[in-house]
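Enquirer: Each chain, written out:
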Amino acid sequence: MATPAPTDDELNAWIIARLNLIGVDLSVLPVSDSSAPADQTRILSSVRNLLRGSVPTISAYVADVQENPPVLYPAELSAWTDE
Amino acid sequence: MSDHVGVKDVDHDEPPLDRQLDRRQFLARFAALATVTSAASLASPLRARAATPSWAPLAGVKSEVQVPSDLTELTLAQAATLIRSRKIAAIDLVDAYLARIDAFGSIYQAFNTVLADGARAAALAVDPRGDNPPLLGVPLAIKDNYYTAGVRTTANSYVFESFFPAFDATGVARLKAAGAIVLGKTQMGPLATTRATTPDGLVTTVNAWTPNTPSVNPGGSSTGSATAVAGRMAASSIGTQTGGSITGPSTAQGLTGLKPTMGRTSIHGIIPLSYTRDHSGPLARDAMDAAMMTQVMAGPDDNDPRTLGLPKVPNLIKAATPFRKKGQTVVRWPTTIGVLPGYTSGTSATALARQAMLDTFASLGAEVIDVAFPDEWSLLTGGAFNNVRLPERSEPFLEYLRQDVRLFGVSLSGWINGLFISGDEFLKGQRAKYLLAKRVFEQIFSVCDVVVQTDPVPFDIIGFPEIAFPIGFQLNSTAGLDVPIGAILGGMPYAEDRLLSLVAAFQDVTNFHLRRPPDPMLASPLRARTASVKLRLTMEDVEATSE
Numbered sequence: 001m002a003t004p005a006p007t008d009d010e011l012n013a014w015i016i017a018r019l020n021l022i023g024v025d026l027s028v029l030p031v032s033d034s035s036a037p038a039d040q041t042r043i044l045s046s047v048r049n050l051l052r053g054s055v056p057t058i059s060a061y062v063a064d065v066q067e068n069p070p071v072l073y074p075a076e077l078s079a080w081t082d083e
Numbered sequence: 084m085s086d087h088v089g090v091k092d093v094d095h096d097e098p099p100l101d102r103q104l105d106r107r108q109f110l111a112r113f114a115a116l117a118t119v120t121s122a123a124s125l126a127s128p129l130r131a132r133a134a135t136p137s138w139a140p141l142a143g144v145k146s147e148v149q150v151p152s153d154l155t156e157l158t159l160a161q162a163a164t165l166i167r168s169r170k171i172a173a174i175d176l177v178d179a180y181l182a183r184i185d186a187f188g189s190i191y192q193a194f195n196t197v198l199a200d201g202a203r204a205a206a207l208a209v210d211p212r213g214d215n216p217p218l219l220g221v222p223l224a225i226k227d228n229y230y231t232a233g234v235r236t237t238a239n240s241y242v243f244e245s246f247f248p249a250f251d252a253t254g255v256a257r258l259k260a261a262g263a264i265v266l267g268k269t270q271m272g273p274l275a276t277t278r279a280t281t282p283d284g285l286v287t288t289v290n291a292w293t294p295n296t297p298s299v300n301p302g303g304s305s306t307g308s309a310t311a312v313a314g315r316m317a318a319s320s321i322g323t324q325t326g327g328s329i330t331g332p333s334t335a336q337g338l339t340g341l342k343p344t345m346g347r348t349s350i351h352g353i354i355p356l357s358y359t360r361d362h363s364g365p366l367a368r369d370a371m372d373a374a375m376m377t378q379v380m381a382g383p384d385d386n387d388p389r390t391l392g393l394p395k396v397p398n399l400i401k402a403a404t405p406f407r408k409k410g411q412t413v414v415r416w417p418t419t420i421g422v423l424p425g426y427t428s429g430t431s432a433t434a435l436a437r438q439a440m441l442d443t444f445a446s447l448g449a450e451v452i453d454v455a456f457p458d459e460w461s462l463l464t465g466g467a468f469n470n471v472r473l474p475e476r477s478e479p480f481l482e483y484l485r486q487d488v489r490l491f492g493v494s495l496s497g498w499i500n501g502l503f504i505s506g507d508e509f510l511k512g513q514r515a516k517y518l519l520a521k522r523v524f525e526q527i528f529s530v531c532d533v534v535v536q537t538d539p540v541p542f543d544i545i546g547f548p549e550i551a552f553p554i555g556f557q558l559n560s561t562a563g564l565d566v567p568i569g570a571i572l573g574g575m576p577y578a579e580d581r582l583l584s585l586v587a588a589f590q591d592v593t594n595f596h597l598r599r600p601p602d603p604m605l606a607s608p609l610r611a612r613t614a615s616v617k618l619r620l621t622m623e624d625v626e627a628t629s630e
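Taken in order, these protein sequences are the chains called A and B. Following the numbering used here, the numbering of the first sequence begins with 1 at its first residue and continues without gaps. Following the numbering used here, the numbering of the second sequence begins with 84 at its first residue and continues without gaps.
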């Protein structure tokens, strides 16, 4: 069964709650000011776009977990080579 | 055309490093480091190892030229050779660059700090008698996200506007140990995100080829480093790359930029952007200069675990020395160049220059073949999986986000977005990265040695090396001036030697890399018009072009 798509208001509430939980305060930005480097409206819009675009795409992707380890760096480990 | 005296007919020597590497072993080692990096990355800077790696290959650099009337015309190799042979004095070279900075610096805006007094003092202290380090007395421009001891290091961000590091980044320390002089710190995209702007988005640095038209993209985020070299305000420069920031400015400004393999050069002492994708490397005038810079910078550094246990750094100077057989320039090693679909499609100046570049490589003995994009290429290299890098921005900067989000100016959205990719999605992204690397090995490098790049991001995701170089020019109608056309080649891990050798061969039979931009017009109608209009990037502009 498809889950209901969250509304903008629901996402905004979650975004702000998440930021508040870790101590990040967006309210110091103007609510909406296109002349400002950033404002609350544009930041919330940007995060909503990420949540509706990139996040479901990444989440839906299936990669063989045995063949594709979730590694970080294409470099060697010094302990392997006594370096 | 090369003027390197070291050019001569020689036998094929050691094969390039890429084909000495076992692919499965590389992928296994790719996996291994994940378990230890967080602890190892806390290593003390006091343990720095190999602060002066072997300079032996640099002894082969002998680039003899007549002393020009304008010393800023010299390449790094030429300047170093002339200083060591006492035909020019380091102080005269430094003063020549300072004179150009003085004359044109307000237009180019390549630097945010010029260390005129320190550079002159260092130059006056140069004594070329006896054994000398290879870059003795040569002035360099340093991107402002590299720590420089006692010199303000801002990354063009409010976050670091009062930051004076206690030590040099490993790359800077090695270049200084090799005799180089730091001429200044260069403008960059705020926190290495986009073309150079102030923290709130006001455009600073211009493309050296169109100095009176700020709207022409100079490439970012190593913008000032590129403009400093293209505008002949430094002999060479260093930058960083997470999503095209060395190759982009290099192609935009007619330079040879090398983004080495992840780990080949240390990123210790560089303000981070994305830890798994940050690379350091040179933006230089030609392949030999890029080789010299990389030869000095590369090698193990105990303060950067990604640099440890890698194959030994090969002789990059030899690789970048044009190779001739029976008097004809040929590719040093048999090489097959893969061409991705659409690379030469159409009749644009770029398409024609790309085809001519491939034809030139074919005439030099390279084989040129078509290769297909690996499976799911668009998905695995596209916007969603590229965004997996964003949590790596947020994590080291969380204390500053808590302090005041306005510190991030026009770049804020990337740092906030990084807080909204979950742990499982981040790990999924790492699996996808591994899969992408595997497919690049299996579906591209099984049939060719290097591959053209239409976008630097895929090889930034997987940490493979890239080299950018000029292949032509086209008219920019806004500026009414010619601007460079560049190409990017990507290689297998540790293929810096092969990439440099190819570009050295290309530059031995072409002259795109020798062309210099005209000096800015200090008083022109165009200058008067553009000077009154301040160009500003918006948050959305930064998102669209961000590393």
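Keep in mind that the hints were calculated from the coordinates and are not lab data. One or more of the hints may lead you astray.
[Said to hold, decoys possible] To spell it out: a stretch of chain B is covered by chain A in this simulated footprint if at least three of its residues, at any positions, have a beta carbon under 8 angstroms from a beta carbon of chain A; those stretches are:
id: 1; region: 196 to 206
id: 2; region: 252 to 260
id: 3; region: 420 to 427
id: 4; region: 509 to 518
id: 5; region: 618 to 629
[Stated by the list, open to error] Sample of chain B residues facing chain A (criterion: CB under 8 angstroms; computed from the structure):
id: 6; residue: Val286
id: 7; residue: Thr296
id: 8; residue: Val471
id: 9; residue: Glu478
id: 10; residue: Arg485
id: 11; residue: Ser560
id: 12; residue: Leu564
By construction, the Cβ of each residue, glycine as well, lies at the ideal position given by its N, Cα and C atoms.
Enquirer: Confirm or reject each hint.
Expert: The hints, checked one at a time:
With a cut-off of 8 angstroms between beta carbons, the region 196 to 206 of chain B has 0 residues touching chain A; three or more are needed, and the interface restraint is violated. A stretch counts as covered by a chain when three or more of its residues have a beta carbon under 8 angstroms from one of that chain; for the region 252 to 260 of chain B and chain A the count is 0, and the coverage is violated. Here's how the region 420 to 427 of chain B fares: 0 of its residues keep a CB closer than 8 angstroms to some CB of chain A, so the rule of at least three is not met and the hint is violated. Counting residues of the region 509 to 518 of chain B whose CB lies closer than 8 angstroms to any CB of chain A gives 9, so the stated coverage by that chain holds, three being the minimum.
For the region 618 to 629 of chain B, the assignment as covered by chain A holds, since 4 residues bring a beta-carbon within under 8 angstroms of that chain's beta-carbons and 3 suffice. With a least beta-carbon distance of about 13 angstroms to chain A, the hint placing Val286 of chain B at the interface is violated under the 8 angstroms criterion. For Thr296 of chain B, the interface hint is violated, since its Cβ never comes within 8 angstroms of a Cβ in chain A; the closest pair sits about 24 angstroms apart. For Val471 of chain B, the suggested interface contact is upheld, since its CB lies about 7 angstroms from the closest CB of chain A, less than 8 angstroms.
Evaluation of the Glu478 of chain B hint against chain A yields a violated restraint, the C-beta minimum of about 11 angstroms exceeding 8 angstroms. The interface hint given for Arg485 of chain B holds, since its Cβ lies 4 angstroms from the closest Cβ of chain A, which is under the 8 angstroms cut-off. For Ser560 of chain B, the interface hint is violated, the least distance from its beta-carbon to any beta-carbon of chain A being 29 angstroms, above 8 angstroms. A cut of 8 angstroms between beta carbons decides the hint on Leu564 of chain B: the least distance to chain A is about 31 angstroms, and the hint is violated.
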